[in-house]
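**Student:** Produce the entire structure from the sequences given, and follow the hints as far as they go.
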Amino acid sequence: MTIRVLLADDQTLVRAAFAMLVESAPDMEVVGQAGTGRSAVELARSERADLIVMDIRMPDLNGIEATRLLAEDEDLAGVKVLMLTTYDTDEHVVDALRAGASGFLVKDTKPAELLEAIRTVAAGESLLSPGPTSRLIARVLRAPAAVPPPEELAGRLSERECQVLALVARGLNNTEIAETLGLSPLTAKTHVSRIMGKLVVRDRAQLVIVAYESGLVRPGVRGAE
Numbered sequence: 001m002t003i004r005v006l007l008a009d010d011q012t013l014v015r016a017a018f019a020m021l022v023e024s025a026p027d028m029e030v031v032g033q034a035g036t037g038r039s040a041v042e043l044a045r046s047e048r049a050d051l052i053v054m055d056i057r058m059p060d061l062n063g064i065e066a067t068r069l070l071a072e073d074e075d076l077a078g079v080k081v082l083m084l085t086t087y088d089t090d091e092h093v094v095d096a097l098r099a100g101a102s103g104f105l106v107k108d109t110k111p112a113e114l115l116e117a118i119r120t121v122a123a124g125e126s127l128l129s130p131g132p133t134s135r136l137i138a139r140v141l142r143a144p145a146a147v148p149p150p151e152e153l154a155g156r157l158s159e160r161e162c163q164v165l166a167l168v169a170r171g172l173n174n175t176e177i178a179e180t181l182g183l184s185p186l187t188a189k190t191h192v193s194r195i196m197g198k199l200v201v202r203d204r205a206q207l208v209i210v211a212y213e214s215g216l217v218r219p220g221v222r223g224a225e
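Under this note's numbering, the residues of the sequence shown are numbered 1 to 225, in order.
It should be emphasised that the hints constitute simulated quantities derived from the structure, not laboratory data. No residue lacks a Cβ here, since even glycine has one placed at the ideal position from N, Cα and C. Be careful, since some hints might not be right.
[To be verified] Between beta-carbon pairs, the in silico distance windows are:
#1 110 with 78: 22 to 30 Å
#2 182 with 46: 43 to 51 Å
#3 73 with 13: 27 to 35 Å
#4 46 with 163: 37 to 45 Å
#5 124 with 26: 16 to 24 Å
#6 11 with 198: 38 to 46 Å
#7 12 with 108: 17 to 25 Å
#8 12 with 182: 47 to 55 Å
**Tutor:** Structure (structure tokens):
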């Protein structure tokens, strides 16, 4: 199945380079290029993209606001957003994830890693660039959102689901979660899906935010960064 990719970046040369890279992959095609966030939203509607590689800083409408509009549009519910940032200390990364982005990468990521990130996010997984994850978590704790405290979270989730959520927050995929807890990968995947439903979040990136903001998982614990 070909992944339909939309590229949104205000720099023409950057878009051209990304377009050449994406088109070189046999399982992807570029269906549009946008220089502003508003244009990205319009093209997502007209071209029916599966995934948008979105720069955070753009004129007219920035990547965060564009992502929020995409997330609020029921007709575009299946469109995934992979956010790009120039610096791994970008203070808007958390806002991007809260707006509905499924992950983020820094722009100096290696070409092969960008293509794999597109595949990962298009498949419904979340992806956080390893470098800034600890800073991301620190920012989350400095600017908490309205999320349930650990005791309320435990009331919504079973003990096993709390264990699974903690492992998701530490970056483990379904196979790794299954191995850690002695489950089958299908059972681990089912737990993750149920947790998303109970907490009303759209993907694993949102689960990471909830886990840290609620205090279920805290920085400094082995495997948390």
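**Student:** Now tell me if each hint is right for this structure.
**Tutor:** Evaluated hints:
Range check, residue 110 to residue 78: Cβ separation about 28 Å, and the 22 to 30 Å hint holds. Restraint check, residue 182 to residue 46: a C-beta distance of roughly 47 Å satisfies the suggested window 43 to 51 Å. Between residue 73 and residue 13 the CB atoms are about 30 Å apart, so this pair conforms to the stated range of 27 to 35 Å. Range check, residue 46 to residue 163: Cβ separation about 43 Å, and the 37 to 45 Å hint holds.
Between residue 124 and residue 26 the CB atoms are about 21 Å apart, so this pair conforms to the stated range of 16 to 24 Å. Here the CB-CB span from residue 11 to residue 198 is close to 41 Å, well matched to the stated 38 to 46 Å. Judged by the Cβ atoms, the range 17 to 25 Å given for residue 12 and residue 108 holds: they are separated by roughly 19 Å. Under the hint 47 to 55 Å, the C-beta atoms of residue 12 and residue 182, about 52 Å apart, fit the expected range.
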